[in-house]
Structures are given as C-alpha cells and as structure tokens.
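Asks: The lines below spell out each chain.
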Amino acid sequence: MRVQTATVPGRTMSESGTSREAESEAEFSALVREHQSMVFGIALNFLHDRASAEEVAQDVFLQLYRQRERLESPGHVTAWLRRVACHRSIDYVRSRHLERRISIEDIGERASVTTPDDPMLREKLRKLILSLGEKAKMVMILRYQEDLDPEEIARELEMPVRTVKSHLQRSLALLREKFGRALGEKLG
Amino acid sequence: MSRLDDELKNALRREAPPAGFEARLMARLAAEPKRATGLTRWFRLPDLRMPLMTRLAFTAALVLIVVAGVRYERERQERVDGEAAKEKLMQALRVTGTQLQSLHEKVMASGERTAGE
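Chains as they are written, first to last, in numbering that gives the first Met the number 0: chain F, 0 to 187; chain A, 0 to 116.
Rather than coming from a laboratory, the hints here were simulated on the basis of the structure. Being a predicted model, the structure only gives us computed values, none of them experimental. Be aware that a few hints might be false.
Here are the simulated DSS-like pairs of lysine-lysine, each with C-alpha atoms no more than 30 Å apart in a straight line [to be verified]: (1) K134(F) with K164(F); (2) K177(F) with K126(F); (3) K134(F) with K177(F); (4) K87(A) with K134(F); (5) K85(A) with K177(F); (6) K164(F) with K126(F); (7) K105(A) with K87(A); (8) K177(F) with K164(F); (9) K126(F) with K8(A); (10) K105(A) with K164(F).
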C-alpha cells in the first residue's frame with residue numbers, strides 16, 4: 000500500500016508534508032473500517048474475551064501502520080492482516096498463559112430441539128471450539144469465519160495441508176458427536 | 000453444506016469491534032513517534048530494538064574496535080618517536096664525524112709542519 004501523493008504546486012514543503020500525512024491517515028482509517036470486523040473477529044473467536052480481542056486487533060493495525068509502505072495491494076493487505084491477526088492471537092495466549100482448558104464434559108448436552116441462530120447453541124459451539132488446541136481452533140476460525148479452503152489455511156498458518164485437513168476432520172467429528180443429538184437431526 | 004457447517008459459520012462469524020475502536024486506535028497512532036522521511040531517514044539513529052545477544056555482540060565489537068584503535072595509535076606514536084630519535088642520533092653522529100675529520104686533518108697538518116721544521 001504505497002501512498003502515491005503529488006506535491007501541490009505553490010505549497011511549501013511543510014504544507015505538502017502535512018497534507019501527505021493527513022492523506023495517509025485518512026487512507027489508513029478507511030482500511031481500519033474495512034478490515035476491523037475480520038481482525039477483531041479472528042481475535043475474539045480465538046480468545047473469547049472482548050478486551051483482549053480489542054488489544055490484539057489494535058496491535059495488528061498499529062503494526063500495519065508501521066509497515067504500510069511495504070504492502071503493495073489491497074489483496075496483500077487483507078492476507079497480511081489475516082495472517083498477523085492469527086499469529087498475534089496465538090502469541091497473546093502463549094505470553095499470558097491464557098489457554099482456557101475447558102473440558103468437553105463441562106459443556107452440557109441440551110435436550111431441547113434447537114432453532115436456527117439459537118444464541119445458546121452458538122455460545123455452546125464457541126465454548127467447544129475454545130476447548131480445542133490452539134492450532135485446531137485457528138484452523139476452524141479460518142475455515143468458518145474466513146471461508147478459506149485447506150490450502151489457503153495451510154499457507155496462512157504455515158503448516159502442511161494434510162495437518163490442516165486432519166485438524167478439520169478431528170474437530171468436526173468431535174462437534175458432530177457432541178451436537179448430533181442437540182441439533183435433532185443427522186449432521187454432515 | 001451440512002447443518003453443522005451452517006451453525007459453525009454462524010457461531011464463528013465476524014464481529015464488529017466495540018464502539019470507539021477506531022478512535023482509540025487513532026489516538027494510539029497519534030502517540031506514535033513520527034516516521035523519518037527523505038533525508039532525515041538517512042541520518043536517523045539506528046533502530047535499537049534488537050535482541051539482547053545482538054546488542055551485546057554489537058557492544059563487544061565496538062569496545063574491541065576502540066581498544067584496537069587506541070593500541071594502534073599508541074604503537075604508531077612510539078614508532079614515530081623512535082624514528083625521530085634515530086634521526087637525531089644519526090645527525091649527531093654525522094656532526095661528530097665531520098668535527099673529528101676536521102680535527103684529524105688539523106693534527107695531520109700540524110704534524111707535517113713540525114716534521115718540516
């Protein structure tokens with residue numbers, strides 16, 4: 000994302016410098032608005048804590064601001080933000096030893112038949128995903144939040160495609176087992 | 000697409016950050032030190048946010064260079080002083096040699112005169 004600005008004739012150096020800065024900050028603001036839900040979503044789904052997710056998301060955007068001249072295209076910015084959000088979320092958990100050990104048994108079965116967009120079911124699913132290992136959890140977030148295929152996830156997380164597929168299969172098998180009855184129908 | 004996939008997409012959907020997120024971010028940005036541009040980028044101080052071992056290695060190399068430089072300069076000065084002393088000695092020897100030669104010639108001349116008489 001190189002900021003291409005031309006010096007306005009008749010302006011002094013400091014005026015055009017200030018103008019460039021303002022233009023650069025406006026461009027950055029637009030980028031924040033465009034990508035904030037992706038970055039914050041990744042952090043929130045991974046950390047399950049809004050304050051921590053905001054801290055991570057802000058750090059990601061600050062890093063983007065510092066390195067904005069190295070990023071060439073909007074596609075590059077999206078991929079960069081996604082990758083940095085993933086790695087920063089993982090680092091955040093590791094640095095603060097926040098890994099929440101939620102046992103599958105702690106997440107109770109629901110007897111009632113669920114309805115689409117059931118907030119309780121949503122919360123239950125999120126808790127179950129939270130109980131997964133950090134890599135498996137991030138694979139699920141990139142698959143279902145970002146709609147990436149296993150090859151793209153492998154690239155983002157720098158792991159073999161086979162490992163990504165294996166994480167997906169194991170996590171989905173666990174969820175099917177846990178939610179098969181709650182959903183009241185045969186899944187997958 | 001199974002029902003579970005739909006539920007997962009719903010559970011893990013993107014979420015907007017809390018209100019004021021952008022304002023808080025821009026405030027943090029305003030507190031950031033300004034980036035060096037143009038000529039100032041060439042003259043800015045080196046980025047010192049480097050690992051401890053790198054910093055130690057850098058400091059050790061710097062100390063080594065300074066110590067080696069001081070020793071080299073001292074040795075060079077001693078060599079220059081030695082050369083100057085040697086030159087002075089040679090000059091003194093040359094002067095002494097010339098005086099001795101002159102004296103020797105005078106003595107010889109005086110001896111020849113005495114023998115003639």
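Asks: All hints, please: hold or fail.
Replies: Outcome of the hint check:
Between the alpha carbons of K134(F) and K164(F) the distance comes to roughly 12 Å, so the proposed pair stays at or under 30 Å and holds. Between K177(F) and K126(F) the CA atoms are separated by roughly 12 Å; this keeps the pair inside 30 Å, and the hint holds. Distance hint between K134(F) and K177(F) is fulfilled; the C-alpha atoms sit about 20 Å from each other, no more than 30 Å. Between K87(A) and K134(F) the alpha-carbon distance is near 82 Å, which puts this suggested pair outside the 30 Å criterion.
Restraint check for K85(A) and K177(F): the C-alpha separation of about 98 Å exceeds 30 Å, so the hint is violated. This hinted pair checks out: K164(F) and K126(F) have alpha carbons roughly 21 Å apart, not beyond 30 Å. With a C-alpha separation of about 27 Å, the suggested pairing of K105(A) with K87(A) holds against the 30 Å cut-off. With a C-alpha separation of about 20 Å, the suggested pairing of K177(F) with K164(F) holds against the 30 Å cut-off.
Simply put, K126(F) and K8(A) have alpha-carbon atoms about 14 Å apart, close enough for the 30 Å limit, and the pair holds. A hinted pair counts as satisfied when its Cα atoms are at most 30 Å apart, and K105(A) with K164(F) does not qualify at roughly 114 Å.
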